[in-house]
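J.: Please work from the sequences and hints to get the whole structure.
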Amino acid sequence: MHDYDFGLSEEHRLLRQNIREFAEKEIAPYAQDLDENETFSLDIVKKMAAMGLFGIVVSEEYGGPHMDYLAYCIAVEEISRVDGSHGATVAAANSLGIGPIYYFGNEKQKKEWLPRLCKGEILASFGLTEPEAGSDAGASKTNGKLDKGQWVINGSKIFITNSTSEMAGVCTVQCVTGTKPDGKKEVSCILVPNGTKGFTAKKMHKKMMWRASDTGELYFDDCRVPEENLLGKRGEGFHQMLSTLDNGRLAIAAMGLGGAQGAYELALKYSKERRQFGQPISTFQVNSFKLADMATEIEAARNLLYKACMMKDAGIPFGKQAAMAKLYCSEVMGRVVDEAVQLHGGYGLMKEYNIERFYRDYKLLTIGEGTSEIQRIVISRQIGCYS
Amino acid sequence: MLSIIVCIKQVPDTNRASFDPRTGAINRASAENIANPDDLHAVELALKLRDACGGRVTAISMGPPRAADTLAEAYALGVDDCVLVSDPAFAGSDSLVTGKILARAIGKLGRFDVVVTGFEAIDGNTAHVSYQLSEFLGLPHITQIHDLMIEDGHAVIERLYGHEYQKIRVELPVLLAATRNTNRVRAPRLADLKSCTGKDFTVMTMADVGGSADEYGTAGSPTVVIGTEVFAHSRGREEIRGTTDEKVEGLMQRLKKHNILRY
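Chains as they are written, first to last, in our numbering: chain A, 1 to 387; chain B, 1001 to 1263.
It is possible that some hints are incorrect.
With a Cα cut of at most 25 angstroms, we get these calculated DSS-like pairs of lysine-lysine [unchecked claim]:
#	chain 1	residue 1	chain 2	residue 2
1	A	K203	A	K269
2	B	K1048	A	K47
3	B	K1048	A	K25
4	A	K351	A	K207
5	A	K46	A	K203
6	A	K46	B	K1048
7	A	K119	B	K1048
Listed next, with one range per pair, are the computed distances between beta-carbon atoms [as the list claims (entries may be wrong)]:
#	chain 1	residue 1	chain 2	residue 2	range
8	A	S9	B	L1251	54 to 62 angstroms
9	A	Q342	B	F1231	34 to 42 angstroms
10	B	R1186	A	Y386	47 to 55 angstroms
Which residues of chain A face chain B? A partial, calculated answer using Cβ under 8 angstroms [to be verified]:
#	residue
11	L8
12	N18
13	G52
14	L53
15	I56
16	E61
17	Y62
18	P65
19	M67
To be clear, the hints were calculated from the coordinates, so they are not data collected in a lab. We treat Cβ as the ideally placed atom computed from N, Cα and C, and that holds for glycine.
T.: Following this line, the structure appears as structure tokens:
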């Protein structure tokens, strides 16, 4: 038993062991090449689907294994331990793709989409960010107007994961659907299947990180979908988005934790093998202290994330802990990859060594699904700074 | 409908474990207990055979009560039944006695057509047990399996033997030993990982297997460990000099000498 499985159930331990084996066998050997060539591997995604990695928390009646959030985060952690891109594909598919449909969809929508999503026949995406609406999600302009029983959508979205590959099946698009009595924007989420006339998904290239994941720009040009494609109730889009991001933060934290663990293991291994001045560099105190700090911070990050997951699984409000875990795990990964490259010296700068990929992949984590600054706003509000 | 038995063993993960540099003994606390890798290939072979021909796969493991974790993994991969052979009297059994215990336990399970084992375990690396088990059960023992079919009560097996393929036909029942070259082990589905820990399995003790305590465990085992040594493998470097033709000739001679090239 790994010491970090302390207190976890046999089910979680087995899950970690099997996903680790899968990740090391089916993802790790290809990760560097896929990253270099910006390739989204349908082959690996199908293998992840066959294992049941899409829809991990979804109940059996819709085709999922109905595991808890802790299990989901352990899965993301273990995949991110070998590769951020595939961690991102799984995290986005579950939290952002499947999450909104599972939590807010009506019975018909759930029956229509979830079984195919859980089988991995298709992937769903979450259209939130716009070119001029990032942290300020309220500034989004994409709009939906009802016309003859159909939503007519116009606008664009950017940086949308899992939205353009041949597996991309449906996007939950956040739209301004009117004005509320108090003058604020009425925001709603609308399901738009890929391939709908007027919906164009364009793959984005030249990313610094997650280069083997699928990131798209979406354009809606008088795109028409049936009125019944509204997710939940009209005007609930903002609430749905916040709730989806609360859940998503746990998975991003898991990516930071897994990435930190992977980078730390690479650094420890290299430091024990690399000899300078006649001894392994891990035996120089300046380096051993770096490794000790990494191990300590990772331990603390893991405990924080697992606690946040356990709170969610117990039905306790977990928004503060989710923001803390996302903030802390991603920043811990930043410190770990920085020192891990430093320990690799010149070799750490070369693509031949996996550590440079971790160094690049880390940077999304303090930006995506709420920047570190936004997390600090969430936390500071929750602890009462402004009240 | 085939009745297939697959033997699996729980072992410390010696690939990740640390060892006492002085005694060579494994530091048990440093190693996670896992299913022996070759045995997972045996499970995969058994499941493929069942899926192709129909039948049931029963996984059997001899070990302490915690070996039930490894049987749970076998359930997750898709076996139909699990049997844990466990008794304090069995502790300390060497490979010969292990073969005897497994043979007796399998004998009590009823008719079977195929027994599959891993070729060797990563903790002892003796590769004895499958041979000894086949002797106790009176079965033909087939290794280096590349492909397998069942027809008319026979197993038709393609073997990768050295650098040649052999195709053999052998009457059932038969014992097959699998290695990592035999197949690629499937990844269990998350849904099966979730349900596998709650499944029931049969426990067989010495009372079920038969025999007496003096036949088993340390008392019944003829093997005596007189010492362990740590081997260090070093690679030698050799340079082949000369013209290109001479270098090629030199390389060919060496490849032939080591039986890598034979013609």
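J.: Verify the interface restraint on I56/A: the C-beta must sit less than 8 angstroms from at least one C-beta of chain B.
T.: Nearest chain B Cβ about 6 angstroms off; hint holds.
J.: Can the restraint linking K119/A and K1048/B be considered satisfied, given a maximum Cα separation of 25 angstroms?
T.: It holds: about 22 angstroms lies between the C-alpha atoms, which stays within 25 angstroms.
J.: Hint L8/A vs chain B: min CB-CB distance below 8 angstroms?
T.: violated (12 angstroms)
J.: For the hint 34 to 42 angstroms, verify it against the beta carbon of Q342/A and that of F1231/B.
T.: holds (36 angstroms)
J.: Hinted pair, alpha-carbon criterion (25 angstroms max): K46/A, K1048/B. Please report holds or violated.
T.: Distance ~20 angstroms between K46/A and K1048/B Cα, so the pair holds.
J.: The hint names L53/A as touching chain B; please verify it with the least Cβ-Cβ distance against 8 angstroms.
T.: Holds, because the Cβ-Cβ distance from L53/A to chain B comes to roughly 7 angstroms (cut-off 8 angstroms).
J.: Would you check whether M67/A satisfies its interface hint, that is, whether its CB is within less than 8 angstroms of any CB in chain B?
T.: Result: holds, 6 angstroms to nearest chain B Cβ.
J.: State, for the Cβ atoms of S9/A and L1251/B, whether the hinted interval 54 to 62 angstroms holds or is violated.
T.: Between S9/A and L1251/B, where Cβ atoms are some 56 angstroms apart, the hint holds.
J.: Would the hint linking K351/A and K207/A be met if the CA-CA limit is 25 angstroms?
T.: holds (16 angstroms)
J.: Taking the least C-beta to C-beta distance, is Y62/A closer than 8 angstroms to chain B?
T.: violated (12 angstroms)
J.: Checking one constraint from the list: CA of K1048/B to CA of K47/A, max 25 angstroms. Satisfied?
T.: Given pair K1048/B, K47/A holds - Cα atoms ~18 angstroms apart, limit 25 angstroms.
J.: Answer holds if the nearest beta-carbon of chain B is closer than 8 angstroms to that of N18/A; otherwise answer violated.
T.: Holds, about 6 angstroms.
The structure does not agree with the numbered hints 1, 11, 16, 17 stated previously, though it agrees with the rest.
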